[in-house]
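So the protein lines, in turn, are chains X and C.
Each residue of the first sequence is one higher than the one before, counting from 1 in the numbering used here.
Each residue of the second sequence is one higher than the one before, counting from 544 in the numbering used here.
Simulated from the structure, these hints should not be mistaken for lab results.
From a predicted model like this one, the values you see are computed outputs, not experimental measurements.
You may find that some hints are simply not true.
Said to hold, decoys possible - Quick list of simulated restraints, FRET-style, between CB atoms:
no.: 1; chain 1: C; residue 1: S618; chain 2: X; residue 2: K510; range: 42 to 50 Å
no.: 2; chain 1: X; residue 1: T542; chain 2: C; residue 2: Q694; range: 41 to 49 Å
no.: 3; chain 1: C; residue 1: D871; chain 2: X; residue 2: C104; range: 40 to 48 Å
no.: 4; chain 1: X; residue 1: S124; chain 2: C; residue 2: A852; range: 29 to 37 Å
no.: 5; chain 1: C; residue 1: S806; chain 2: X; residue 2: E12; range: 54 to 62 Å
no.: 6; chain 1: X; residue 1: K537; chain 2: C; residue 2: S618; range: 33 to 41 Å
Unchecked claim - Calculated lysine-lysine pairs in the BS3-like style (CA-CA distance at most 30 Å, straight line):
no.: 7; chain 1: C; residue 1: K919; chain 2: X; residue 2: K63
no.: 8; chain 1: C; residue 1: K736; chain 2: C; residue 2: K578
no.: 9; chain 1: X; residue 1: K63; chain 2: C; residue 2: K578
no.: 10; chain 1: C; residue 1: K736; chain 2: X; residue 2: K90
no.: 11; chain 1: X; residue 1: K133; chain 2: C; residue 2: K917
no.: 12; chain 1: C; residue 1: K592; chain 2: X; residue 2: K126
no.: 13; chain 1: X; residue 1: K133; chain 2: C; residue 2: K874
no.: 14; chain 1: X; residue 1: K532; chain 2: X; residue 2: K411
no.: 15; chain 1: C; residue 1: K774; chain 2: C; residue 2: K557
no.: 16; chain 1: C; residue 1: K919; chain 2: X; residue 2: K126
no.: 17; chain 1: C; residue 1: K736; chain 2: X; residue 2: K28
no.: 18; chain 1: C; residue 1: K553; chain 2: C; residue 2: K578
no.: 19; chain 1: C; residue 1: K729; chain 2: X; residue 2: K259
no.: 20; chain 1: X; residue 1: K126; chain 2: X; residue 2: K370
no.: 21; chain 1: X; residue 1: K387; chain 2: X; residue 2: K338
no.: 22; chain 1: X; residue 1: K83; chain 2: C; residue 2: K736
no.: 23; chain 1: X; residue 1: K126; chain 2: C; residue 2: K577
no.: 24; chain 1: X; residue 1: K387; chain 2: X; residue 2: K352
no.: 25; chain 1: X; residue 1: K83; chain 2: C; residue 2: K949
no.: 26; chain 1: C; residue 1: K881; chain 2: X; residue 2: K126
no.: 27; chain 1: C; residue 1: K677; chain 2: X; residue 2: K133
no.: 28; chain 1: X; residue 1: K400; chain 2: X; residue 2: K338
no.: 29; chain 1: X; residue 1: K526; chain 2: X; residue 2: K510
no.: 30; chain 1: X; residue 1: K398; chain 2: X; residue 2: K259
no.: 31; chain 1: C; residue 1: K949; chain 2: C; residue 2: K919
no.: 32; chain 1: C; residue 1: K578; chain 2: C; residue 2: K774
no.: 33; chain 1: X; residue 1: K133; chain 2: C; residue 2: K553
no.: 34; chain 1: C; residue 1: K729; chain 2: C; residue 2: K881
no.: 35; chain 1: X; residue 1: K84; chain 2: C; residue 2: K917
no.: 36; chain 1: C; residue 1: K592; chain 2: X; residue 2: K63
No residue lacks a Cβ here, since even glycine has one placed at the ideal position from N, Cα and C.
Chain by chain, the residues run as shown.
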Amino acid sequence: MPVFHIDDQPVEFEPGEKILSAALRNGKKIPHYCYHPGMSIVATCRMCVVEIVDLGNGRPAPKLQTACSVDAADGMKVETMNKKVEEGRKLVNEFLLINHPLDCPICDQSGECTLQDYSFEYGSGKSEMDYSKRVYGWRNIGTFVSLERNRCIQCSRCDRFTREITGTNEFGMFNRGHELTVDTYTDRPMTNKFQGNMADICPVGAITEKEFRFKRRVWKLKKNRSICTGCSTGCNVTIEHDRNEVFRLKPHENQNVNKWWMCDEGRLSYRIMNERKTRINSPLGRVGQNLQDISWEEAYRAIAERIIEMAPKENEVIALTDTHASNEELFLLKKLLKDGFLSDNVFCPLPKWEQIESEFFINTLITTDKSPNRAGALALKIKGDAKNVGVKNLIDRKLKMAIILGCPFEKENDFHQKIKQTQLVIHIGAYHNCWSDIADVVLPGQNYSEKKGTFTNKLQQVQTTDIAVQALRRSRPEWQILAELGQALGYKFDFNNVNQVFGAMSEEIKAFSGLSFDQIGDKGIKLTKTFKDNGMKLVKETT
Amino acid sequence: MVEETLVLFKNIRKPEYSKTLEGYKKAGGFQTLKKVFGMKPEKVIQTVKDSGIRGRGGAGFPTGLKWSFMQKGSSKPSYLIANADESEPGTCKDRELMLKDPHLFLEGMMIGCYAVGCHHGYIYIRGEYFPAIKSLNTAIEELYADGLLGQDPMGSDFHLDLTVHSGAGAYICGEESALLDSLEGKRGQPRVKPPFPAISGFNGCPTSVNNVETLAYMPFILGDGGVDAFKSFGPENNSGTHLVSLSGHINNPGVYELRMDVSMRDIIYEIGGGIRNGKKLKGVIPGGSSSSVMTADEVDVLYNFDELANIDTMLGSSAMMVFDEDTDVVKLLLRITKFYAHESCGQCTPCREGTHWSRNIIRDFLKGNGSDEKLKRLDRVGGNMLGTTLCALGDAAALPIQSFVKKFPNDFRKYYAKK
Ligand SMILES: Cc1cc2nc3c(=O)[nH]c(=O)nc-3n(C[C@H](O)[C@H](O)[C@H](O)COP(=O)(O)O)c2cc1C
Ligand code: SF4
Ligand code: SF4
Ligand code: SF4
Ligand code: FES
Numbered sequence: 001m002p003v004f005h006i007d008d009q010p011v012e013f014e015p016g017e018k019i020l021s022a023a024l025r026n027g028k029k030i031p032h033y034c035y036h037p038g039m040s041i042v043a044t045c046r047m048c049v050v051e052i053v054d055l056g057n058g059r060p061a062p063k064l065q066t067a068c069s070v071d072a073a074d075g076m077k078v079e080t081m082n083k084k085v086e087e088g089r090k091l092v093n094e095f096l097l098i099n100h101p102l103d104c105p106i107c108d109q110s111g112e113c114t115l116q117d118y119s120f121e122y123g124s125g126k127s128e129m130d131y132s133k134r135v136y137g138w139r140n141i142g143t144f145v146s147l148e149r150n151r152c153i154q155c156s157r158c159d160r161f162t163r164e165i166t167g168t169n170e171f172g173m174f175n176r177g178h179e180l181t182v183d184t185y186t187d188r189p190m191t192n193k194f195q196g197n198m199a200d201i202c203p204v205g206a207i208t209e210k211e212f213r214f215k216r217r218v219w220k221l222k223k224n225r226s227i228c229t230g231c232s233t234g235c236n237v238t239i240e241h242d243r244n245e246v247f248r249l250k251p252h253e254n255q256n257v258n259k260w261w262m263c264d265e266g267r268l269s270y271r272i273m274n275e276r277k278t279r280i281n282s283p284l285g286r287v288g289q290n291l292q293d294i295s296w297e298e299a300y301r302a303i304a305e306r307i308i309e310m311a312p313k314e315n316e317v318i319a320l321t322d323t324h325a326s327n328e329e330l331f332l333l334k335k336l337l338k339d340g341f342l343s344d345n346v347f348c349p350l351p352k353w354e355q356i357e358s359e360f361f362i363n364t365l366i367t368t369d370k371s372p373n374r375a376g377a378l379a380l381k382i383k384g385d386a387k388n389v390g391v392k393n394l395i396d397r398k399l400k401m402a403i404i405l406g407c408p409f410e411k412e413n414d415f416h417q418k419i420k421q422t423q424l425v426i427h428i429g430a431y432h433n434c435w436s437d438i439a440d441v442v443l444p445g446q447n448y449s450e451k452k453g454t455f456t457n458k459l460q461q462v463q464t465t466d467i468a469v470q471a472l473r474r475s476r477p478e479w480q481i482l483a484e485l486g487q488a489l490g491y492k493f494d495f496n497n498v499n500q501v502f503g504a505m506s507e508e509i510k511a512f513s514g515l516s517f518d519q520i521g522d523k524g525i526k527l528t529k530t531f532k533d534n535g536m537k538l539v540k541e542t543t
Numbered sequence: 544m545v546e547e548t549l550v551l552f553k554n555i556r557k558p559e560y561s562k563t564l565e566g567y568k569k570a571g572g573f574q575t576l577k578k579v580f581g582m583k584p585e586k587v588i589q590t591v592k593d594s595g596i597r598g599r600g601g602a603g604f605p606t607g608l609k610w611s612f613m614q615k616g617s618s619k620p621s622y623l624i625a626n627a628d629e630s631e632p633g634t635c636k637d638r639e640l641m642l643k644d645p646h647l648f649l650e651g652m653m654i655g656c657y658a659v660g661c662h663h664g665y666i667y668i669r670g671e672y673f674p675a676i677k678s679l680n681t682a683i684e685e686l687y688a689d690g691l692l693g694q695d696p697m698g699s700d701f702h703l704d705l706t707v708h709s710g711a712g713a714y715i716c717g718e719e720s721a722l723l724d725s726l727e728g729k730r731g732q733p734r735v736k737p738p739f740p741a742i743s744g745f746n747g748c749p750t751s752v753n754n755v756e757t758l759a760y761m762p763f764i765l766g767d768g769g770v771d772a773f774k775s776f777g778p779e780n781n782s783g784t785h786l787v788s789l790s791g792h793i794n795n796p797g798v799y800e801l802r803m804d805v806s807m808r809d810i811i812y813e814i815g816g817g818i819r820n821g822k823k824l825k826g827v828i829p830g831g832s833s834s835s836v837m838t839a840d841e842v843d844v845l846y847n848f849d850e851l852a853n854i855d856t857m858l859g860s861s862a863m864m865v866f867d868e869d870t871d872v873v874k875l876l877l878r879i880t881k882f883y884a885h886e887s888c889g890q891c892t893p894c895r896e897g898t899h900w901s902r903n904i905i906r907d908f909l910k911g912n913g914s915d916e917k918l919k920r921l922d923r924v925g926g927n928m929l930g931t932t933l934c935a936l937g938d939a940a941a942l943p944i945q946s947f948v949k950k951f952p953n954d955f956r957k958y959y960a961k962k
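Chain X extracted, bound-state conformation (with noise of 0.2 Å):
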């Protein structure tokens, strides 16, 4: 690669890229607002000027240029801190604030607001304008996010988003000059799924989250790397929150799977990791018609006893998993089937699913299947089909146990009504569900945001959540959970993290041979060996 130099560092650059995009991947900041790497360069705020010393032909730029616009240039020297760019970006801070409201005290974007950090770096303590400042009415703009005109700066990044991002077009710059605004199109609200990005990418206050409006401070908040698991496509996020509640998720980049973006419905999701109504607090044993609160030992105990006694063999076991499970907690199920049993009576819910074809990336993201692991399911050969013929013949027959992971098939009543016949059904899951009403004895797991798991997406590529939040105090994660059951009936189940699970997974399942869980890290990584997804089809965007 070719090499220029920004304040005397060497700094490699790809043929055709921008001075600004060279320095940002190779972590030097430059000040910047209207620029943003997913979208066109217009080069307006004039907050990224540097100075080119040398042109790369020994003679220096004329005045001040825009990092976001130039090209870097072979043997090129950048200075991006001296006197007069410094000089270059106060002019532009200042111009920025003359008409800004400075309400930073009642506003979202305090915290991570690039006006407030580059004010802080290049502002002045006082104002010389002296006249009214500019003023706008508040509108309805959509029923995700909501606009606060005052406090824009006109960068036009949400005018972009909405033309060359989801191609919708609702949004854009209305009136010139000093009354130069944003707003949606003919009054009316916008619809399209990705408002929340707006949020994200809106340099100042202008365009907050209504779902995140006034609830928490941002400095406040924790973040964690995650997945969001509200549909096949795993998006990258962080998860934030405080005092062990989840506030937000917010899109991470990641170029392979979901580049800087994520939909609405992926950030409301957020909303079940919070949920207590629901949770099951603590492991439970039936009593006659009511689940009674005991110990994990008792559990384990009564489970162990009933299955000895019991003795069921190959085809009077089934174990009923949904795919919102990870890798390891499918992985661990299946052998425990496998292991204890010789069964592999293991079934999940493989509906059909669409994928949109669109020219607008974004529009690809949502898939229709809403859950972040059917892949894995697949990669592990776990049964099922989009009709659930499997576990109807099955389920036909005179079954003694089941254990159920999760909340798979709550729709097929008949399932419930069989299974409950059964002399043992074991529930494991963070949340009370149809399957915790007719089970004998619940174990609770946990969510998303409280424990560590791989997922396979629909890129067939493996991703990891991570703990964000402390968990229930009386839950355990559902892999803990199957280990620990294997462990009591005596088999020989002793992982004592995810890694170990994930590593003899590696060495059991083809599809993850090769991969260590340390090897994921924040990109993911694609299955050693990838399959045709017969659910899936193809489906042309409507518009």
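Guided by the hints, dock chain C with the ligands onto chain X, whose structure is given.
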């Protein structure tokens, strides 16, 4: 005695001239186009280069060079667009041509289209120019009827369509890249450059944007007149005549065609007949409102590109606005700055905020709220728009402010010193 030199106005200045196609042809029109059809386009461009003609739209960029940048062998069509947006305050020369001798300009445009390989040319015309729009459309109809537009004019195997597109009243749409956005049906805002229009212009295709007057010289340069005659009208690097829009406190305002080696003093006192009511000259805005102002004792320079650049101002669109000793310079600056505040597209920070802010400061002086500090602030705010914006409108707003403050400081002080 200074007189007009008639290249573009040679027909217009004849009282009996009829601007119809017939009249134009009778005056020798379309002979050059016929000749040009027999030349290779490269040869046409070379001739234009040799003539040294610089664009008359304001920036003075060499036209031949601009055409030579047009991407050759591109799979996309090429476009030539005539910039007839003429909105620079003080400028009213393109209108003269379009109203009074439309075929001269159209022949020039057709030569340009041939040179750059354009088969559909657009004339982007200022929306308020109703009579000029009509005049052009009538002329274009005549050309189609005559077979000069459309397929194979004059037996050549060239084909060309021309379309008149009127703007909607925004000064910024005269800036070439904003013009292209507007022509594409978008909000007219200047684009980032590079890429320049010659590489990616109208609909992403190679495009040349040329001022009406610039194009109108082509029949002369490539025809009877020729390169040498054209060059002889001005000093080196300032070849040709130019149309001077003379306005302000002058006895004979109007549009005059002059050589490029005439002094500004002669233009004011001989061509313009001196200052109205026998008053004294106070200053001149030499090249449209975007140029730095000159004081009365600076006018002994030749009125051309290089001489004005030498004294830190510019020829711009050759629009000279003359003002007399009674003029309130602060009010004049307010008028100019209001214009830029109103016409700024607003996308870039310094221009959007700076034009409006400086307008407010200037107004303060008129309200009696001036001060030394405010004068300094005006200079600073104005200066902060200079060289910091995406297009030249920021400079256009900054230059008058800075030059007025520098050259007429007492006019500002007068407003607050009394107190
Ligand atoms: C703010 C602004 C307004 C402009 N307005 C006009 C105009 O009205 N007419 C024009 O010919 N050029 C105008 N220009 C110059 C054009 O951008 C362009 O340079 C010119 O049309 C090129 O033609 P030329 O090479 O023949 O001069 C303007 C430039 C700026 C920055
Ligand atoms: S609302 Fe935000 S993103 Fe949109 S132009 Fe204003 S500051 Fe930029
Ligand atoms: S597209 Fe799917 S994975 Fe991405 S945010 Fe939306 S629901 Fe979550
Ligand atoms: S300088 Fe002014 S007119 Fe030109 S692009 Fe910037 S805001 Fe628009
Ligand atoms: S980031 Fe370069 S001008 Fe805005």
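Here is how each hint holds up against the structure:
no., hint, verdict
1, S618/C with K510/X: 42 to 50 Å, "holds (48 Å)"
2, T542/X with Q694/C: 41 to 49 Å, "holds (43 Å)"
3, D871/C with C104/X: 40 to 48 Å, "holds (43 Å)"
4, S124/X with A852/C: 29 to 37 Å, "holds (35 Å)"
5, S806/C with E12/X: 54 to 62 Å, "holds (56 Å)"
6, K537/X with S618/C: 33 to 41 Å, "holds (37 Å)"
7, K919/C with K63/X, "holds (23 Å)"
8, K736/C with K578/C, "violated (36 Å)"
9, K63/X with K578/C, "violated (45 Å)"
10, K736/C with K90/X, "holds (24 Å)"
11, K133/X with K917/C, "holds (18 Å)"
12, K592/C with K126/X, "violated (54 Å)"
13, K133/X with K874/C, "holds (24 Å)"
14, K532/X with K411/X, "holds (27 Å)"
15, K774/C with K557/C, "holds (24 Å)"
16, K919/C with K126/X, "holds (17 Å)"
17, K736/C with K28/X, "holds (24 Å)"
18, K553/C with K578/C, "holds (20 Å)"
19, K729/C with K259/X, "holds (28 Å)"
20, K126/X with K370/X, "violated (53 Å)"
21, K387/X with K338/X, "holds (24 Å)"
22, K83/X with K736/C, "holds (26 Å)"
23, K126/X with K577/C, "violated (68 Å)"
24, K387/X with K352/X, "holds (9 Å)"
25, K83/X with K949/C, "holds (25 Å)"
26, K881/C with K126/X, "holds (26 Å)"
27, K677/C with K133/X, "violated (44 Å)"
28, K400/X with K338/X, "holds (16 Å)"
29, K526/X with K510/X, "holds (13 Å)"
30, K398/X with K259/X, "violated (50 Å)"
31, K949/C with K919/C, "holds (10 Å)"
32, K578/C with K774/C, "holds (21 Å)"
33, K133/X with K553/C, "violated (54 Å)"
34, K729/C with K881/C, "holds (25 Å)"
35, K84/X with K917/C, "holds (24 Å)"
36, K592/C with K63/X, "holds (29 Å)"
The structure does not agree with the numbered hints 8, 9, 12, 20, 23, 27, 30 and 33 stated previously, though it agrees with the rest.
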